[in-house]
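As given, the protein sequences belong to chains A and B, one line each in that order.
Per the numbering used here, residue 1123 is the first one in the first sequence, and the count goes up by one each step.
Per the numbering used here, residue 555 is the first one in the second sequence, and the count goes up by one each step.
Please note: incorrect hints may appear among the correct ones.
Stated by the list, open to error - Restraint-style ranges between C-beta atoms, simulated for each label pair:
#1 B:Gln-813 - A:Tyr-1167: 31 to 37 Å
#2 A:Leu-1152 - B:Leu-578: 46 to 52 Å
#3 A:Phe-1148 - B:Lys-570: 23 to 29 Å
#4 B:Pro-563 - A:Leu-1241: 46 to 52 Å
#5 B:Pro-611 - A:Asn-1345: 26 to 32 Å
#6 A:Lys-1230 - B:Gln-813: 21 to 27 Å
#7 A:Val-1141 - B:Phe-596: 47 to 53 Å
#8 A:Lys-1230 - B:Lys-847: 38 to 44 Å
#9 B:Glu-693 - A:Pro-1316: 21 to 27 Å
#10 A:Ile-1173 - B:Tyr-851: 15 to 21 Å
Stated by the list, open to error - Pairs of lysine-lysine, PhoX-like flavour, derived with a Cα cap of 25 Å:
#11 A:Lys-1230 - B:Lys-570
#12 B:Lys-758 - A:Lys-1349
#13 A:Lys-1349 - A:Lys-1184
#14 A:Lys-1349 - B:Lys-661
#15 B:Lys-632 - B:Lys-619
#16 A:Lys-1230 - B:Lys-561
#17 A:Lys-1175 - B:Lys-698
#18 A:Lys-1126 - B:Lys-817
#19 B:Lys-758 - A:Lys-1126
#20 B:Lys-625 - B:Lys-817
#21 B:Lys-601 - B:Lys-626
#22 B:Lys-664 - A:Lys-1319
Calculated directly from the structure, the hints in this document are not laboratory data.
Predicted model only: the values in this text are computed from it and were never measured.
Note that CB positions come from ideal geometry on N, CA and C, so glycine has one too.
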Amino acid sequence: MSKKTRETISVVLRYAVLVAVGVVMFYPMLWMVGASLKADNNEIYSTISFIPKHPSFQAYVKGWTATGFNFSHFMINTYLIVLPKVVGAVISSVITAYGFSRFQFVGKTFLFAVLMSTLFLPQVVLNIPQFLLFTGIGWVDTYKPLIVPAFFANEPYFVFMLVQFMRSVSREMEEAAEIDGCNSFQRLVYIVTPIVKPAIVSCALFQFMWSSNDFQGPLIYINTVSKYPASLGLRLIADSETGFEWNKILALSVISILPTLIVFFMAQDQFVEGIAAGGVKG
Amino acid sequence: MTNEIRKTPWQRFWKKNHGLIYILPWLLGFLFFKFYPFLSSFWYSLKDFNLFKGDAPFIGMGNYKTILETKKYVTAYKITFQYAFLTVPLKLGFSLFIAYILNFRIKFVKFFRTVYYIPSILGGSVAVSIVWKFLFQSEGLINKILGLFGGEAVNWLGSPKYALWVISLLHVWQFGSAMVIFLAALKGVPQDLYEAAAIDGAGKWRQFFSVTVPLITPVIFYNLVTQLCNAFQEFNSAYIITKGGPLGSTTLISLLVYQNAFKSYEMGLACAMAWILFVIVAAFTLIAFVSQKYWVYYSDEER
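Using the sequences and the accompanying hints, generate a full structural model.
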């Protein structure tokens, strides 16, 4: 075998692997969308093809009102939780990262080590005392236990990413502004924040996607059905459905992940850069 | 100068340390939402504490003893270990392999990367868990495909032997984020090292294990630690897809903690379980950190 043929074979092999893996990755999603457009279980179970014979949105229409609440109600609830969380996480993480990257103060090294070690602190240890704490102040069955911690930079990964970014940018502008009489807070708002905008966008995106997917948090804190976010609403329908009309459940599943997908596609370059920059859990 | 002297010690402290005010939000959040819960969870674990019984007597290591003596609980730890040691190596190996292929001059890199990454952003959601449950039903898509190749239909969700594999595969399916991190690291390996290795007669495999892997050990290390932490705490898939069954074969420890705490309100017992899990995770993290000097290579080190 000449060098040339060997080279060709390995190139072909590479693409073959990539395509095969791509199919495995993507087919479940494709199939989910396809099945949601199919007429009934019979059609879904009869074939491995994802293409519906007579595509119809009937399942979406029927699924929409399956619980006695419109599904839009659950979707709105989700974003009533997610959007404040994004705002809170961004503001508090930027402020904290600014403190760690631009100032000297007593115990800084120690505090930063503490912050970093919370990256590895399992949430499962904290769940119960947090629940008791929030029960004690009457926050159970409200969105506060889910939202308020985000306003206190509770995601160490974001702070870490922002600190890395802030350390890497030049401080000349800030020094000039200081000479012109800007105080440290003005420098944060008018100079640092615009410079670190790419990192801020990454944080916002991650928070958006993680919180949209969050299931355990609402499961612990939200008891009233009318307050359920989409994740709980979806499970409610999937569990209560007897005789399982799968197209209905899958239709709602598609709806529930649609906003996340749209956000991802709008900002995917940002996103991938964000992960590559600091590494991410997930 | 006179000004300096007239300042109170407090003012002088403040002038030197006013950065503290910026980290205050985090510090408060840490104390209230992390540090206090962390300590009190240990304190609760030493008590016989049921939310709806009046008193919570101190019983020392009683809860821990109960856990270690109850077969159901010990099994849950074993299953959690199985889950972690099944998913993490598979996920890391697979994501590194794919990243390595993508790092050749491949057309449509961006397209492939996107396709592989999508499961990672959706994987934790209830929607995907529902789809997964659907795919692995006895009449589901997976069995249909097996049938095409002449395979027997497998009762994936009904048999204790396979159910853990189903939820493990869901986790491995989300290899995209690990892959993207690996890909960034691979791009950082200088091309001339490969050329030098090729001149010395090293084939592609040899290059991979002798050049690539050693140089990206810091990233392997990072991925290993974060993935282990995540795997030990997995909850959603076991809760939604298998509900811990069949016959407890997918009862991961976080599921048991949830059931004990929020279904039967045995807060003390649940805290003890969570603490055992914490000690395990901490031990592995520590082992990874301590051992890194033997196998992790940082390029800015003196050699």
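Worksheet item: Which earlier hints can't be squared with this structure?
Response: Violated: hints 3, 4, 6, 8, 9, 10, 12, 14, 18.
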